[in-house]
Amino acid sequence: MVSKKKKKYSSGEGAQFMTRKAALKKLQLTLKDFRRICILKGIYPREPRNRKRAQKGAGGIKTLYHTKDIKFLLHEPIIWKLRELKVYQQKIRRARAMKEYGKMRKYFRDYPDINIDHIVKERYPTFVDALRDLDDCLTLCFLFSTFPSLKRVPRDQSMLCRRLTVEFMHAVITAKALRKVFVSVKGFYYQVELEGQTITWIVPHHFSFQPQNKNDVDFKIMSTFVEFYTMMLGFVNFKLFHTLNLVYPPKLPASFSAEKDKDLIDEHTYVAERIAAMNLSLARVEGANEAEELPEIDVFPTEDEDPKKLEEAKLEAEKVKKLKTLFKGLKFFINREVPREPMVFIIRCFGGECSWDKDHFVGATFDESDETIAYQIVDRPSMEKQYLSRYYVQPQWVFDSVNARTLLPINKYLMGAVLPPHLSPFVDKIKDQVYIPPEVAQMNNPDFKPLDDDQSGTDIEEASDEDKEEESEEDSEGDADEALAKQYRDEVAEDSPSGEDNDDEDDNDDMDPQKKKLAKEKKKSMAVTTGVTYKEHPYQKEIEDKQAFRLREKLVRKKHKKLYKSMKAGQEERKKEIWLLRKKRRLHDEKVKEEKKAEKKKQRMQAFEAATA
Amino acid sequence: MPPFRTGLLKRKIDSKESKKVPEKNTSEDESGDSEEYDLIGGELNVEGDDTDSEHEDEKETGSDQEQDEVLFDDSADSALSGDEQVEYASDESSELTDSENDEDSDDGSAGEIDDEKEASDSVDSGAESANGKSKSQTKTNVQVQEVTAKTKQKQKVKLKNQKQKKTPYDDKQTHDSINRLASTIEKTSVTQPVEQKDEYESGDTSDEEERRNTVGDVPMWWYNEYQHVGYDLDGRRIMKPPQRDHIDDFLKKCEDPDFWRTVRDPTTGQDVVLSKEDLQLIQRLREGRVPNPEHDEYQPWIEWFSREVMATPLRAFPEHKRSFLPSRSEQLQISRIVHALKMGWTKTRKQLAEERRKRREKNFYNLWGSATSEEERAQRGIHKHIPAPKRPLPSHAESYNPPPEYLLDDKEMKEWNKLSETPWKRKYTFLPQRFGSLRAVPAYERFTRERFLRCLDLYLAPRAIKMRLTIKPEDLVPKLPSPRDLQPFPTSEALCFRGHTALVRSVDFDPSGQYIVSGSDDGTVKVWETSSGRCLRTVSLQEPVSRVSWLPTGALTLVAVAVGSRVLLLNPGARVGAHRAAQRTDELLQEPPPQGDVRMDERTAACVKWDEVSTEEWALGIRIAITHFKPVVHLCWHARGDYLCATVRDGGARAVVVHQVSRRRSQLPFARSKGLVQCALFHPTRPLLAVATQRAVRLYDLVRQQLVRKLLTGAQWISSMAMHPAGDNLLVGSYDRKCIWFDLELSSKPYQTLRLHGGAVRSVAFHRRYPLFASAGDDPYIVVSHGMVYNDLLQNPLLVPLKQLRGPAVRDELCALELRFHPEQPWLLAAGADATLRLYS
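Protein chains in written order, with the numbering used here: chain Z, 1 to 613; chain G, 614 to 1454.
I should point out that these hints are in silico values taken from the structure, not numbers from a laboratory. Since the model is a prediction, treat every value here as computed from it, not as a measurement.
Distance condition first, Cα-Cα at most 27 Å in a straight line; then the derived DSSO-like pairs of lysine-lysine: (1) Z/LYS106 x Z/LYS81; (2) Z/LYS575 x G/LYS1079; (3) Z/LYS429 x G/LYS1079; (4) G/LYS1079 x Z/LYS62; (5) G/LYS1085 x Z/LYS576.
From just these sequences and the hints, can you work out the full model?
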């Protein structure tokens, strides 16, 4: 009996993957539609373990999709919609060709919409899943909310983005979920914590839209992404508003609308503008209780949990609770030149009240002349009219205070002052081999003295510097063997019976030749000298250990040798980077110090001259 | 075909014929014939022209009258010239008949005329079949006859002029005829049906041509190499006229006044003289004007289809019924609208738009509200979903006001600019910048692009789960006990023995460890005292000493020295070691062994010779000398001291020679060579011999005379070998920088391969008492290692490199040539290439 020969690639990795071309053929879609459906459904190519086998022996690099993903797409009802759309587009084309413009307009007017609610649900079965994937969504929506109407981006899309992002910010304000903020050259970074998920997004600076080269940016793709993201963000907003007992779509509180009982031409726009100003809290669902503080975390003593960790978590929770009320009861006035939206968002997130010039934007609640204003945020070197009852601070103070989780002393942030560096709150402090700028170190440890204060520096710095020096020394020599030889010579010198002599010689470095002569004379005249205690080289042990380690390094298994080398190289590189940063800082500080000194001297001279004259 | 085009064609043919005529008139025979052809051709052309013009107008009117008109006109026109012509016509007709009678034999002409007649008949029949056949129709035929006669006559008299005049007349007449037609249409109420007229019926003009080329529309250069240019209707070749060369051309140019307007017809190869009209036509074409000079571009436009109701319809079919009946579907539509209005269903356009907007507006609801957890689980999802990795969070460098160390200095800025072509190699994706205040921060240029790239990543980048290593590099280094716990071992150089003048090849301790013997390339063997480093004795042997080896038993004091191809057994002398032992050695070696015992086979005798020692040599201390057939490279004493194994360079099968000192005889243990033998060692306890060739080590049982084991080292070239004193482990050094440890009990594969050296390993050594071994070679370090062998067979040896000792100075890329451990103390002795011995303690 002859068994049928198994065909190659009919099982295993060869059958698991599909090239894009094969997928297109299977789905009977054009590349454009396939791209669209991939974006909407979140299908992505996979990297096979063995590319050669996955490509069924074909050479080159192909885009491979998982066969099951393609089968999954095959059952998607949207595919039929896409095919129908194709027919519809043909109709439009025909109408245009026949110059039946009325018909064409009608077709355009009734262009069918594709409903993708079920895809949102399918991709994110739970609310938390959606929150976890919100980073890109928010960043893109915030970007699109600044876009004008483009050829590939419908106007209502950017309007919708604007609406949704404002709604989301309102939700964050109500939930007091903002944790970290950062002003980068790219834009404003915000980090919020919702349902235990940290979400980070970027809001570009003003005037972020610039016409892009066609080869650089394909707005069609981004627009497809936004199509999905708006859907997702809408549902997330609804859920957030729902959990926060807010009315969705957002409405202004009844008191406000009663107060402004005027005949409005376009009430809808009026309300939308007020909501976009973000200065008013939104209408709540009737009958919902206001106080919704999280209960205290109960501590269950469990064995496997580290009590230290638990303690830390508790401390963190305490800090966060404090952070939520950072600006509570404080009134801020935002000057015209300060970016209004981020400021309002941050201040309101931490319980502060704020306002601005009412000619600047709608929704101002109080005037500049209000005496209860505690801080006025200004970004100009000086002002003509100043109130004594308030502090004039630069906007960075707000950001730094939030990151520091306390109200920082304002003396460094006063109007017209040269600002201290603005540091990223996102740098992982636990990871080793990370450069920590002196400002951060100072913040963490109040005893920390920066380098410029004391040349010797603290012991930690010193030790690390010492290490560094050693490293660099060895690096400069290039050959570890040389270093070994040197150490060996040292050791020999120490071990040899004439150790004292060597020690003497070591000491002699700072002795003047006259003393040397004297010592020689002394030696000549036979005499008993007081013994010198054998002083072990302080790094003797370390050197020995290092040497032994270097020998042991050679016993790393051949299998791991490359890995070991690359890891070591990485370590070295990071070390070098840190070293470079530290060096640059030192040089900078020295330069600044010198300049300061020179200026002082100059001032003193001037004062002296003035006095003499 | 556009009318002017047909006119053009016709004119061309006309001109051709007209040109042909004078030529043919010269030949008497054919004159009548040709005339007739011409005449008929001309006449038919006229008629063809008429039909053409008729076709033009036929679209608008069924106009047989037009033809009549034309013909009338023609006759009228001709009448202008006078009555004479009429007379001519009658004459001419008679002549025609004459010629016809004369030349009955000519089939072609007869056929043509028949054709012509048929055509006229068919015109008749066509006219007959038409509805309203009027007298004018019959008149037409008569007129045709008349005209033919007339034209024939014209041909005869003034051939060219008449002809050329004809066409302009025709055109003019057509225009006039249109006007006249309009008037006649208005006058007559009777509509005449369109008469179908076959143009072939009236006689195809093209058939009439004499030299009609039938090759069709092919490039004429196909005929370049032939005598002919095609075939006429009967299939006869149309021969090319005689070709003219340049001179002919020139002559013709000089002679012929018409040369400038003579062109060659490619289809027939004939010269054609262009007429004046032709030239005019060409000129008009070049100027981009209408070719026909008679054509009036600005003639008044007649609005046929106007809103004015005519007495008679322009078109000859009745109106459709639906044009005067009210529409049913419209009625239905209207009734529907009326009903909707009555019921109040109709919406304004604004309302509709509002509705549409509502429909389009996205309405959000609680998507995650209702579903239970089970439902959520049942939801289909992506197979083995890999969530996209998040973007890394910004560092301090990205700040709008970063700490000063993150700003690029001049050097870094230079590098940054240098990498402008390859921006992905830069340190940051953005340029760290410092802005004094927030208001100075501009929009980030690449923001959109970065988001776009992220989008691309999300849907286009292949994803895979990669395990990230969380180990530190230190974890890959094997955990070994600290060297400090494995003391004692030599840690530093204690003594340096100077005295040799060339590199020291070999050293050895005496069994007690008190003395050291060394052999050097300067041809001396020196004996040193270990404790003081004093040289006790120097034996000068002239030739470089390659190997020294002290007898391992303490009973005798004897040193085996390999000098060139000789092995000398040297008694270091009375001052060295125990006086009595030296004396006993001398006594033992002085008397020769019993001769009967010394029996060497021929093969051995051929390569080894036990020499008598001369008195001078005896005085030097040499007691026995053995001469080999090749230089000796390695020596090894058996533990009991009676046997000495010498390895000869390039000895082949005879590379290993075992000498028995007591009997003064030698043996060659191997019959066949297994490769280049590097060295051979005796097993310390068992009767085994280890022989190292280039890549493998073989263990032979000397008693049973067989191979016990072959050890595959994996090295390229073995340099040296050392046996552990317990005899179960073997250390092999190789020139490719490896030290290979074999556990003989475990496997024939290496237990461990140590790559501790940066250069070739030249020597390895075991300590006799301590668990130490050392290796040295061309790199300037000697590595001392801990090599613990356990009695428990289950426990593998523990190898720990302990210390790198600075070796002797490097000379000519050589450093340490041989290593020996002190028999008792943890001291290491190295023979250096810098002519010194170093003792490490």
